[in-house]
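J.: Sequence:
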Amino acid sequence: MILGIHLAQAQEKKVAPTSQELYNEIAAMDTVLFDAFNAKEMTKFKPLFTEDLEWYQDNGGLINYETVFSNFENMFKNENKLTRQLVKGSLEVHPIKDFGAIEIAIHQFRHMENGKEEIGTFKFVAIWKKVNN
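Everything in the sequence shown is counted per our numbering, starting at 1 for the first residue and increasing by one.
The set of hints was computed from the structure by calculation and includes no laboratory data. Among these hints, one or two may not hold up.
Label pairs and their computed distance ranges (CB to CB) [claimed, not checked]:
1. 60 - 81: 36 to 44 Å
2. 77 - 47: 16 to 24 Å
3. 81 - 20: 31 to 39 Å
4. 80 - 130: 29 to 37 Å
5. 92 - 114: 30 to 38 Å
6. 51 - 114: 33 to 41 Å
7. 42 - 129: 35 to 43 Å
8. 55 - 108: 15 to 23 Å
9. 59 - 132: 20 to 28 Å
10. 20 - 42: 30 to 38 Å
11. 119 - 97: 18 to 26 Å
12. 20 - 77: 34 to 42 Å
13. 59 - 98: 31 to 39 Å
By construction, the Cβ of each residue, glycine as well, lies at the ideal position given by its N, Cα and C atoms.
Please model the entire structure based on the sequences and the hints provided.
T.: Structure (structure tokens):
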């Protein structure tokens with residue numbers, strides 16, 4: 001039991017504190033990203049990703065940039081109105097020194113299927129790269 005406490009304390013000290021500024025920036029970027037997703041606005045959505053994108057899907061593994069956006073283009077053409085919403089209070093932001101941040105949160109995707117609203121709730125991890133535009 002004592003070992004577990006010491007391990008937890010040691011792990012706690014390794015995590016850099018997130019500044020409110022970084023938290024707010026990632027929360028704002030999450031909103032920008034998924035407002036574009038919900039509106040199916042590829043011209044606003046796609047530029048938020050870098051071409052070295054690595055997308056890991058739990059049921060399909062690694063997907064490259066071209067495939068990711070081909071999939072999104074097909075999804076955006078679909079008649080079903082799929083929307084995404086961040087679950088309030090679930091957002092965690094962790095800094096990555098000299099790179100950006102890790103976003104961990106829970107989100108829900110909603111759409112109508114056969115006259116019934118379907119809701120999927122998922123935990124996700126995103127790595128944000130700081131770029132100067």
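J.: Work down the list of hints and note, for each, if the structure agrees.
T.: Hint check:
1. Taken as a hint, the range 36 to 44 Å is violated for the pair residue 60 and residue 81, whose Cβ atoms sit roughly 24 Å apart.
2. Take residue 77 and residue 47: their Cβ atoms lie about 19 Å apart, and the range 16 to 24 Å holds.
3. Distance hint check for residue 81 and residue 20: the Cβ-Cβ separation is about 34 Å, which falls inside the suggested range of 31 to 39 Å.
4. As the Cβ distance of residue 80 to residue 130 is approximately 34 Å, the hint placing it in 29 to 37 Å holds.
5. Checked against the hint of 30 to 38 Å, the pair residue 92 and residue 114 passes, with Cβ atoms roughly 35 Å apart.
6. In this structure the supplied range 33 to 41 Å holds for residue 51 paired with residue 114, their Cβ-Cβ distance being about 38 Å.
7. Between residue 42 and residue 129, the C-beta spacing of about 20 Å breaks the proposed range 35 to 43 Å.
8. Roughly 19 Å separates the CB atoms of residue 55 and residue 108, a value that falls within the hinted 15 to 23 Å.
9. Between residue 59 and residue 132 the beta carbon distance is about 35 Å. The supplied range of 20 to 28 Å is therefore violated.
10. For residue 20 paired with residue 42, a C-beta distance near 32 Å keeps the hint of 30 to 38 Å intact.
11. Taking the beta carbon of each, residue 119 and residue 97 are about 37 Å apart, not inside 18 to 26 Å as hinted.
12. For residue 20 paired with residue 77, a C-beta distance near 39 Å keeps the hint of 34 to 42 Å intact.
13. Distance hint for residue 59 and residue 98: a CB-CB separation of about 33 Å, consistent with the stated range 31 to 39 Å.
Comparing the model with each numbered hint stated earlier shows that hints 1, 7, 9, 11 do not hold.
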